[in-house]
Amino acid sequence: MYVAVKGGERAIENAHAWMAERRRGDREVPELALEQVAEQLSLLVDRVMAEGSLYDPGLAALAIKQARGDVVEAVFLMRAYRTTLPRFGATEPVDTGAMLCERRISATFKDLPGGQVLGPTFDYTHRLLDFKLAAEGEVPEAPVGAPREGAVPHVVSFLNAEGLIQDEPESDETPRDLTREPLDFPADRALRLQALARGDEGFLLGLAYSTQRGYARTHAFVGELRIGMVAVEIEIPELGFSVEIAEIRLTECETVNQFKGSKSEPPQFTRGYGLVFGQSERKALSMSLVDRALRWKELGEDFVGAAAQDEEFVLAHSDNVQATGFLEHIKLPHYVDFQSELELVRKMRREAGAMQEAAE
Amino acid sequence: MTAEAYNFAYLDEQTKRMIRRALLKAVAIPGYQVPFASREMPMPYGWGTGGVQVTAACLTPDDTLKVIDQGADDTTNAVSIRKFFERTAGVETTEETEEATVIQTRHRIPEKPLTEDQILVYQVPIPEPLRFLEPREVETRRMHALAEYGLMHVKLYEDISQHGHIATTYAYPVLVEDRYVMDPSPIPKFDNPKLSNSPALQLFGAGREQRIYAIPPYTQVVSLDFEDHPFDPGQWDEDCALCGASDTYLDEVITDDRGGRMFVCSDTAHCRARRAAGHVGAMGAPYEEAEA
Chain A
33 MYVAVKGGER
43 AIENAHAWMA
53 ERRRGDREVP
63 ELALEQVAEQ
73 LSLLVDRVMA
83 EGSLYDPGLA
93 ALAIKQARGD
103 VVEAVFLMRA
113 YRTTLPRFGA
123 TEPVDTGAML
133 CERRISATFK
143 DLPGGQVLGP
153 TFDYTHRLLD
163 FKLAAEGEVP
173 EAPVGAPREG
183 AVPHVVSFLN
193 AEGLIQDEPE
203 SDETPRDLTR
213 EPLDFPADRA
223 LRLQALARGD
233 EGFLLGLAYS
243 TQRGYARTHA
253 FVGELRIGMV
263 AVEIEIPELG
273 FSVEIAEIRL
283 TECETVNQFK
293 GSKSEPPQFT
303 RGYGLVFGQS
313 ERKALSMSLV
323 DRALRWKELG
333 EDFVGAAAQD
343 EEFVLAHSDN
353 VQATGFLEHI
363 KLPHYVDFQS
373 ELELVRKMRR
383 EAGAMQEAAE
Chain B
505 MTAEAYNFAY
515 LDEQTKRMIR
525 RALLKAVAIP
535 GYQVPFASRE
545 MPMPYGWGTG
555 GVQVTAACLT
565 PDDTLKVIDQ
575 GADDTTNAVS
585 IRKFFERTAG
595 VETTEETEEA
605 TVIQTRHRIP
615 EKPLTEDQIL
625 VYQVPIPEPL
635 RFLEPREVET
645 RRMHALAEYG
655 LMHVKLYEDI
665 SQHGHIATTY
675 AYPVLVEDRY
685 VMDPSPIPKF
695 DNPKLSNSPA
705 LQLFGAGREQ
715 RIYAIPPYTQ
725 VVSLDFEDHP
735 FDPGQWDEDC
745 ALCGASDTYL
755 DEVITDDRGG
765 RMFVCSDTAH
775 CRARRAAGHV
785 GAMGAPYEEA
795 EA
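These protein sequences, in sequence, are chains A and B.
In the working numbering, each residue carries its 1-based index in the first sequence increased by 32.
In the working numbering, each residue carries its 1-based index in the second sequence increased by 504.
Hints in this document: simulated from the structure, not taken from any laboratory.
Quick reminder that beta carbons are idealized off the backbone N, C-alpha and C, glycines included.
You may find that some hints are simply not true.
[Said to hold, decoys possible] Partner residues are not named here, just some residues of chain B that face chain A (Cβ under 10 Å, in silico):
1. Y514
2. L637
3. E641
4. P721
[Unchecked claim] Straight line, CA to CA, 25 Å or less: simulated DSS-like cross-link-like pairs of lysine-lysine:
5. A:K329 to A:K292
6. B:K659 to A:K379
7. B:K659 to A:K363
Let the hints inform the model, and build the full structure from the sequences given.
Okay, here's the thing in structure tokens:
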């Protein structure tokens, strides 16, 4: 006698309890503190904030801990929390020109106003496992220098002065908000950049890499990459002026792309742009390469059929919370649909068998 | 965070208002996919976020909710969604189709005919019936605007020329009120006839794809076919092994590793009600109260 499978509720509860135990791991090992995650896994925290579209290192650390270190799961937790938050208003645009740069490099000039500042980078480390870290040794304090005086102007402004780089149209229009309106095609650049900024780092990396390997090549130079703190200001209507409400760390990348001119545009350099929460260089670079590839239409270039040029392809698939949800939902029961497929295949096999018999 | 920290049925009132506007538009244009600003929900995309948002926007404190997945109330995801609304809305829940005022479903339509007092909310993975013929949204929207459905008929025709019949068994496309071709969500085509002229309001929510669409009560819904190859909902050689029903959708259950199997109603509430009324199938035992 068949007994219908009951007890889904208890199974779910037990599965959650088991998962929580696995998350805790060996109880002999001290529990991970959120401060440890925020301080010592800060690039992971940055990535979760960037793709979660929510700047809060403490919550990101909690999400990472809760997700057992699974990035996409942590991003999902941030998004699900973010969506419940009330909106008080919109900030002023951040001024990355006034950024307190902790890293600022340009690949297009040997030296430039504001200087080349390497900052805390992996770039020139030798990737040898450092067993001193395993021995829990304290790190000697880094030498301290005097900060550079003066503003750090954007590199593209130098090219702009000479008219060598394409001018971006200025606009005071309020950009559409991806999180409050359905994504609608064709998307304008502001909307594309919003989607890219929260898009999956791995996906954008792959797309950007594909442009470098010839699938819609854009000849990108890193005009500038800068990382540092910027002030976030909001205008308080009652006061009539802006007040600073936070400081956040951003990574900004501007690529300078070779451009031979098209039917509509003269030969000049063109730009790709990336702006990401936290220290996320790979993401910012990827974003600017993909941004540039997506601009083929406005620059009068040919559509060569490359994935990175196709805004519907890029924007519809860059969100890892959407992607992982739909991918993983095939784990849910599908036996009703499968049953009808089963009947269909049986029917077609019967028909094929009958035809073969008739032929023999 | 406790359930009290959230608004009734989880979503804030502004979001519900936005969804209700989309629902009204959807009801006004049967079968048309209305874009809406779908929110991130606390369950993953693909788990029914569209259906959950539609249900949340429809629920009132007096409603009684039923949630089914694959026709069953006790599948894990149905349990999870039902618990979500028990916690965030505190509404009554039920497993009985006739007691429910709102029914959220994935992949099935209940066997028992619905009434004017009921809303059926479908979870939809891919709302666009033309998606696998044309991947671009800009193109498919244009095709709907011009009612240009030739491609779909060609696809169905190719099926017939290759297999002798239409080889689509679920998410079988329908034409709503002679205007929009619509994806009925991945219900088996067996359920397609129930879509048409239903007294209940049928709402479809696709969260990840940000679309809502509707079939208002008493709307004509026709499964696509050809005059010489009329739509065939399919039928079973077997009856339900538990309740003996011969007119329901059946699940095949493998009972051993030697090819043994049995067929049982996929609609568990319907099957239980039949057994309670004294119907017994070939492998069924008389109904006992404790099973409910």
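Here is what the structure says about each hint:
no. : hint             : in the structure
1   : Y514             : holds, 8 Å
2   : L637             : violated, 15 Å
3   : E641             : holds, 5 Å
4   : P721             : violated, 25 Å
5   : A:K329 to A:K292 : holds, 15 Å
6   : B:K659 to A:K379 : holds, 20 Å
7   : B:K659 to A:K363 : violated, 29 Å
In this structure, the hints that do not hold are numbers 2, 4 and 7, in rising order.
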